[in-house]
Each structure stands twice: as C-alpha cells, then as structure tokens.
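Here UniProt numbering is used: the first residue of the sequence shown is 1, the next is one more, and so on.
Mixed in with the good hints there might be a few duds.
What the hints assert, rightly or not - Only pairs whose alpha carbons sit at most 30 Å apart, straight line, appear in this in silico DSBU-like list of lysine-lysine: (1) Lys178 with Lys136; (2) Lys127 with Lys277; (3) Lys282 with Lys82; (4) Lys178 with Lys278; (5) Lys230 with Lys85; (6) Lys12 with Lys140; (7) Lys136 with Lys246; (8) Lys127 with Lys89.
FYI, nobody ran anything at the bench for these hints, they're computed from the structure.
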Amino acid sequence: MEHGQLIRKLRKERNMSQAELAEGISSRTALSSFENKHSTISSDILFKYLERLNVTVQEYEFYLNDNVTPEKAYISEYFYNKVTKERDKEIAQRIHNFRAKYNDSHDFYFCCLSIELKLFLNRRNNKAIYQVDEDKQIIKDYLNHNQNWGHFEIALFSNCLYIFSSDYIRGTFPVLLKRTKKLSSIASYQNDLSIFLNNCIVLSFERQNFDDVNYYIDRLITISANTPRKAYDRMMCQYYLSLLQKLNYQPNQLATIIQQFNELGFTDHANELIKFKKQILKETKKTAKIAL
Numbered sequence: 001m002e003h004g005q006l007i008r009k010l011r012k013e014r015n016m017s018q019a020e021l022a023e024g025i026s027s028r029t030a031l032s033s034f035e036n037k038h039s040t041i042s043s044d045i046l047f048k049y050l051e052r053l054n055v056t057v058q059e060y061e062f063y064l065n066d067n068v069t070p071e072k073a074y075i076s077e078y079f080y081n082k083v084t085k086e087r088d089k090e091i092a093q094r095i096h097n098f099r100a101k102y103n104d105s106h107d108f109y110f111c112c113l114s115i116e117l118k119l120f121l122n123r124r125n126n127k128a129i130y131q132v133d134e135d136k137q138i139i140k141d142y143l144n145h146n147q148n149w150g151h152f153e154i155a156l157f158s159n160c161l162y163i164f165s166s167d168y169i170r171g172t173f174p175v176l177l178k179r180t181k182k183l184s185s186i187a188s189y190q191n192d193l194s195i196f197l198n199n200c201i202v203l204s205f206e207r208q209n210f211d212d213v214n215y216y217i218d219r220l221i222t223i224s225a226n227t228p229r230k231a232y233d234r235m236m237c238q239y240y241l242s243l244l245q246k247l248n249y250q251p252n253q254l255a256t257i258i259q260q261f262n263e264l265g266f267t268d269h270a271n272e273l274i275k276f277k278k279q280i281l282k283e284t285k286k287t288a289k290i291a292l
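Use the sequences and the hints to build the structure in full.
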C-alpha cells in the first residue's frame, strides 16, 4: 500500500474529513494530492498527520507492510530467542544467507547479523569454528566511529560485549549514555539499556570481575525505575545480589527468586537461572572471598 492510500484509509476509518486532518498541518489540497498519489509530503507533515490520527509510527509501519512485521523487526525480535537455539548447521546456513543478503543490499545490518552468529557459534562450541578477527574489528571500528548511537548500536554492542575487555566496557558505559542522550525519554531506549546492563552483569560474573558486577547492578537498579521492565529488572538484581552472597558463603534468596519466576510462568527463564548459577559456582574458586 502507498503512503497516501494508507493515510486516506486511516482517516476514513476515523470518520475524519480531509479538512479536519489537514487543519493547522497543511492545506487540504496538499493532503488530497498526497492521498491520490499526485505529490509527496515531508516526514514532518506525515508524523503530524499520524499524531492527529492517534497512530504510532510502529503501527503505521505495520499497516504499511500489509499487517506484516517488517523483516528487520521480525529478525531482531527472534534473533536470540529463537535463532540461537537452532542447531549449528541451521545457524551456519543463516550466516551464509545473511552474508549473501549483505552482499546484495550493502545493508550493514545483515553484515552484523552474520558476524554475531559467527561469534555465537564460536562461543557456544568453545572453539574457533570461524576466524573472526577481521569481523571483530569491523564491529569495533563501527562502534568507535559512530558518535550518535540508537537501538541498532546499543543492541550490537550488547550482543558482542564479550569481544571487548572489561575495562573498555566499563569505560565506554558513560560514553554510551552521552551518545544516546537524545533517546533517553523513549521507553524502548530504556529497555535497550536495561538489556545491555543485564548482559554486562552476566559477563562480569563469567569473568569473575565482581566489582564490575556490583557497579552494573547499581546502574540497573537506578535505570530500572523508569522502564517497563522494572519488576523483571528488580527481580534480576535480587538474583544477582543473592548469587554474590552465595559465592561469599552468606545467606541468600536464590531459591526463592527462581521459584518466583516459575510461579510467574517464566519456567524456561527459571531453568536458565539455575543453569547459570551452577556454571558460576563451578567456575569460581570456593575459597575465594568476594568483596560485596
């Protein structure tokens, strides 16, 4: 469906005349010409039309694509929830497909997907199935040279955290906040940031950098106050703190928190928390004392 056709459809569904939609935004003639595919309009005017129609940009994009989630949004939503749970052979085929799509479209998004899956397979198998030194540098150069970060950059950094040193990640966090400051009032940005911090905490546990664990927990507690994920993030902070207590032979609430996730219906997630707990307990020396 064309943009003008969709605006006309949305307008009529809301029983609005062209004059009512265009008032204070554009002339009625300009709207009529746009709806009939005789002219184009600026994005500023389009967004004002959508605001008056009470249609979000996300909803508009969904309607524009014939009620189908756009390819990139679909891939992003299921990338780590579904794709990474596939067999190695299936993931290898996806790497090939994403790389081919990048070669055809020159869209850096698909280049990054292929790299992220290479890194994932190497990490899952604990060996170099793919040579990724050049790929790692591509990611690092892109993030270092891009001064204005959005959802794509935060997600890329978050998904590839383990190719960076702990000092670099912690030192870059304040830079990340500055580079994304313009987006700070957007709910999806707050979600991106909380996912990033959860990933930082998990990686810090794996690297046994417990000072960093505490640093990122403090930031997550602060940031989660303004996110739709507040309840989840606060529960995860309690889980992380309890895991620190467990490692330091102190009373903890690990079992209770995991059971709470089970009772809320997040059984798979609860099982992942149990698995992660066992992994960290196994990797951490039992005689080590951890500063809390």
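Hints and how they fare:
{"no.": "1", "hint": "Lys178 with Lys136", "verdict": "holds, 24 Å"}
{"no.": "2", "hint": "Lys127 with Lys277", "verdict": "holds, 23 Å"}
{"no.": "3", "hint": "Lys282 with Lys82", "verdict": "holds, 27 Å"}
{"no.": "4", "hint": "Lys178 with Lys278", "verdict": "violated, 36 Å"}
{"no.": "5", "hint": "Lys230 with Lys85", "verdict": "holds, 27 Å"}
{"no.": "6", "hint": "Lys12 with Lys140", "verdict": "violated, 49 Å"}
{"no.": "7", "hint": "Lys136 with Lys246", "verdict": "violated, 35 Å"}
{"no.": "8", "hint": "Lys127 with Lys89", "verdict": "holds, 16 Å"}
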